[in-house]
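Colleague: Chains as they are written, first to last, in this note's numbering: chain C, 1 to 189; chain D, 1 to 405.
A couple of the hints might just be wrong.
[Said to hold, decoys possible] Rough simulated footprint, nothing fancy, chain C against chain D, three-plus residues with beta-carbon under 8 Å: (1) 28-34; (2) 81-92; (3) 117-131; (4) 171-183.
[Said to hold, decoys possible] Below, computed lysine to any residue pairings styled on SDA-like, alpha-carbon distance capped at 25 Å: (5) C:K165 - D:K82; (6) C:K165 - D:E44; (7) C:K155 - C:Q122; (8) D:K90 - C:F170; (9) D:K400 - D:D376; (10) D:K405 - C:N21; (11) C:K114 - D:N377; (12) D:K258 - C:H96; (13) C:K49 - D:K258; (14) C:K151 - D:Q57; (15) D:K82 - C:K114; (16) D:K405 - C:Q115.
[As the list claims (entries may be wrong)] To give a feel for the contact side, a few chain D residues facing chain C, derived at Cβ under 8 Å: (17) A22; (18) K23; (19) S25; (20) I37; (21) Y40; (22) L41; (23) K255; (24) L310; (25) D314; (26) T318; (27) K319; (28) Q336; (29) K400; (30) K401; (31) S404.
For the record, the hints were derived by calculation from the structure and aren't laboratory data. Just so it is clear, CB atoms sit at the ideal spot from N, CA and C, and this is done for glycine as well.
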Amino acid sequence: MADNADHIDGDDNEDVRAQQNLIKIKLKSSEGGIYECGLTAAKMSDLVKNMVESLGTDAVVTTEPIILGNEAVTDAALKKIIEWVEFHWDDPPVDHDFEDEKDRRNEELSHWDKQFIDVDDQALLFDVIAAANYMDIKGLVEVGAKHICSKIRGKSCQEVREMLKITNDFTAEEEDAIHKENAWIYAKD
Amino acid sequence: MAQQMTTDDGNEDHIQHPKIYAKDSMDRFGDDMYGLILSYLSLEDRFRLECVSKQFQRTVFGSVVFIDINNQFNNKSETCFKAMIEMLAKKCPNIQTIDFREMFIECEEHIPEVLRLLRDNCLNLREVYCSSWEYTTQLYQQFGPLVTRIDCDALSDTVVDTTSGQLLANNLKTFEFYCYYIEDRQLFTAFVAHNQCLKSLGIKYIYDDLNDTLPELAVQLSRLTQLRRLSLGFRIKGSQHSFNDYLRTIGVNCKQLKRLSFSLHSKKSEYNLKTLDSLAYFRRLKRLDLTLYVTVDEISLDVLRECRRLTHLDIYLTKMNANVFKIIRENCPQLQYLCIQNMNSIIDTEYLDQISRLPALQMFVIHCKRSGSLRDNDFWDLLSRSPKLKTIEIHVKNVKKFYSK
Numbered sequence: 001m002a003d004n005a006d007h008i009d010g011d012d013n014e015d016v017r018a019q020q021n022l023i024k025i026k027l028k029s030s031e032g033g034i035y036e037c038g039l040t041a042a043k044m045s046d047l048v049k050n051m052v053e054s055l056g057t058d059a060v061v062t063t064e065p066i067i068l069g070n071e072a073v074t075d076a077a078l079k080k081i082i083e084w085v086e087f088h089w090d091d092p093p094v095d096h097d098f099e100d101e102k103d104r105r106n107e108e109l110s111h112w113d114k115q116f117i118d119v120d121d122q123a124l125l126f127d128v129i130a131a132a133n134y135m136d137i138k139g140l141v142e143v144g145a146k147h148i149c150s151k152i153r154g155k156s157c158q159e160v161r162e163m164l165k166i167t168n169d170f171t172a173e174e175e176d177a178i179h180k181e182n183a184w185i186y187a188k189d
Numbered sequence: 001m002a003q004q005m006t007t008d009d010g011n012e013d014h015i016q017h018p019k020i021y022a023k024d025s026m027d028r029f030g031d032d033m034y035g036l037i038l039s040y041l042s043l044e045d046r047f048r049l050e051c052v053s054k055q056f057q058r059t060v061f062g063s064v065v066f067i068d069i070n071n072q073f074n075n076k077s078e079t080c081f082k083a084m085i086e087m088l089a090k091k092c093p094n095i096q097t098i099d100f101r102e103m104f105i106e107c108e109e110h111i112p113e114v115l116r117l118l119r120d121n122c123l124n125l126r127e128v129y130c131s132s133w134e135y136t137t138q139l140y141q142q143f144g145p146l147v148t149r150i151d152c153d154a155l156s157d158t159v160v161d162t163t164s165g166q167l168l169a170n171n172l173k174t175f176e177f178y179c180y181y182i183e184d185r186q187l188f189t190a191f192v193a194h195n196q197c198l199k200s201l202g203i204k205y206i207y208d209d210l211n212d213t214l215p216e217l218a219v220q221l222s223r224l225t226q227l228r229r230l231s232l233g234f235r236i237k238g239s240q241h242s243f244n245d246y247l248r249t250i251g252v253n254c255k256q257l258k259r260l261s262f263s264l265h266s267k268k269s270e271y272n273l274k275t276l277d278s279l280a281y282f283r284r285l286k287r288l289d290l291t292l293y294v295t296v297d298e299i300s301l302d303v304l305r306e307c308r309r310l311t312h313l314d315i316y317l318t319k320m321n322a323n324v325f326k327i328i329r330e331n332c333p334q335l336q337y338l339c340i341q342n343m344n345s346i347i348d349t350e351y352l353d354q355i356s357r358l359p360a361l362q363m364f365v366i367h368c369k370r371s372g373s374l375r376d377n378d379f380w381d382l383l384s385r386s387p388k389l390k391t392i393e394i395h396v397k398n399v400k401k402f403y404s405k
């Protein structure tokens with residue numbers, strides 16, 4: 001009997017999630033832009049989820065925009081974030097019987113995520129990652145982080161500095177010392 | 001350009017005057033965020049890029065929790081191996097797991113020394129994975145409690161120390177071995193008694209006359225009540241067997257089983273129907289890999305009617321027909337992932353129509369020899385018709401094709 005009960009709960013939850021995503025809430029960027037987003041999708045952000053739940057009734061939620069004050073949440077970044085959660089809100093929930101989260105770390109990004117995150121404007125890319133981190137959307141932070149790591153894979157230090165615009169604050173001597181310490185990486189015999 | 005500048009996104013309150021960084025520079029991120037981003041780099045990249053900047057150096061090693069010796073450091077000499085381990089121990093204090101299973105370089109004799117170094121420096125080291133080799137005995141004696149996973153060829157390689165006859169493998173979480181023979185009966189009984197908390201077990205090939213091996217094997221397996229994952233492969237020659245009772249014993253007793261891989265190679269046709277019937281007793285199963293390498297005209301998957309919780313299904317059948325798709329569609333409403341391998345038969349739009357009616361399906365993978373009459377449009381159409389499908393992956397003769405919403 002317990003088995004059946006579990007089942008019905010599962011199906012119900014799916015329906016409720018789909019129903020709730022028809023409710024549109026408003027999200028306000030730090031630049032003042034207001035954008036609509038499905039409720040279930042928006043709740044992929046733990047920050048939004050907590051805010052919505054503390055506000056209580058749906059009526060309040062749909063009229064007053066939720067203010068996302070962090071300056072990384074620009075209009076452009078928020079639009080990207082909404083695109084991502086609207087695609088991913090119905091992803092299967094994490095199944096705690098399996099180590100999916102651990103496995104996912106090692107998986108390549110999906111085709112859709114790759115195309116989504118491959119933006120030319122690096123300031124926007126960093127805004128999306130920082131904003132996703134502020135809004136507490138772990139899956140999206142992971143997509144951004146994997147994208148950056150795949151871009152710098154196999155590159156030299158100088159190439160990485162140029163690409164990610166990182167200031168080198170090591171002296172030439174310090175850099176040499178680290179290189180020597182790690183010399184074993186290059187030895188192939 | 002003013003809007004192109006930003007302050008440090010990290011919440012570092014101790015910085016009184018936040019510096020201004022360009023928005024397109026990694027320098028804008030605080031250490032936590034920086035470390036999180038770099039946590040997806042390979043170990044080799046981490047060491048190679050260590051001197052990019054001080055912040056990079058400071059944050060790049062903290063997230064190293066798992067070391068796979070094979071992946072990162074093949075083709076290295078013995079001196080290199082030791083140098084590398086010393087560096088790891090020094091720079092990566094958060095290592096939790098080390099995987100020596102696929103180590104091919106001839107440094108096995110150094111493993112105990114290496115492990116001691118890592119254990120003393122990495123206080124979170126909890127799990128060591130290894131395969132069987134000459135130094136296994138020594139390893140067990142010194143690091144027994146750390147060894148949680150072993151892969152080996154035969155039970156006799158790991159279960160006992162051949163010289164003293166002493167039992168070695170204790171309290172493992174995961175155990176994989178290649179062949180099970182009838183002579184292994186007593187060893188396996190001893191293994192089961194000492195590994196009651198085993199979560200995952202894989203036996204690749206079970207040979208011999210199964211009338212002899214199976215009854216005892218089933219009894220022992222059913223004592224491993226903590227099992228979450230079980231993988232069994234059978235090679236059948238010769239006479240009539242009845243799997244049904246034995247698999248039922250396992251299914252009834254191992255109540256925690258969530259994932260089952262079952263493969264059956266046989267030239268006779270009468271086994272598969274009975275075998276599959278007993279899957280009904282694996283009530284909590286969510287993920288099933290089924291390989292039926294049998295010469296038979298029609299395979300009945302009616303038993304899937306009992307597996308309504310399945311979220312992942314991977315099937316390899318020698319022959320496929322529309323009825324199989326129909327059964328899956330009617331009985332697996334929670335299916336998120338479906339992979340069909342070795343489609344000899346030509347798939348047509350009728351099959352795809354069944355697939356499109358799976359309400360929770362997100363990913364559909366087919367491996368087939370010929371793509372048949374289906375065109376790109378048929379897959380795009382499937383993608384648009386099915387409620388949750390996001391990706392279709394088609395492998396035809398090593399060529400991979402994606403369709404994605």
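Colleague: So, for every hint listed, does it hold in this structure?
Modeller: Hint by hint, here is what the structure shows:
no., hint, verdict
1, 28-34, "holds (count 3)"
2, 81-92, "holds (count 3)"
3, 117-131, "violated (count 0)"
4, 171-183, "violated (count 0)"
5, C:K165 - D:K82, "violated (35 Å)"
6, C:K165 - D:E44, "holds (22 Å)"
7, C:K155 - C:Q122, "holds (18 Å)"
8, D:K90 - C:F170, "holds (20 Å)"
9, D:K400 - D:D376, "holds (13 Å)"
10, D:K405 - C:N21, "holds (19 Å)"
11, C:K114 - D:N377, "holds (23 Å)"
12, D:K258 - C:H96, "holds (11 Å)"
13, C:K49 - D:K258, "violated (31 Å)"
14, C:K151 - D:Q57, "holds (18 Å)"
15, D:K82 - C:K114, "violated (38 Å)"
16, D:K405 - C:Q115, "holds (11 Å)"
17, A22, "holds (6 Å)"
18, K23, "holds (4 Å)"
19, S25, "holds (4 Å)"
20, I37, "holds (4 Å)"
21, Y40, "holds (4 Å)"
22, L41, "holds (5 Å)"
23, K255, "violated (11 Å)"
24, L310, "violated (12 Å)"
25, D314, "violated (14 Å)"
26, T318, "violated (29 Å)"
27, K319, "violated (30 Å)"
28, Q336, "holds (5 Å)"
29, K400, "violated (11 Å)"
30, K401, "violated (11 Å)"
31, S404, "holds (4 Å)"
Checked against the numbered hints listed earlier, the structure breaks hints 3, 4, 5, 13, 15, 23, 24, 25, 26, 27, 29 and 30; every other hint is satisfied.
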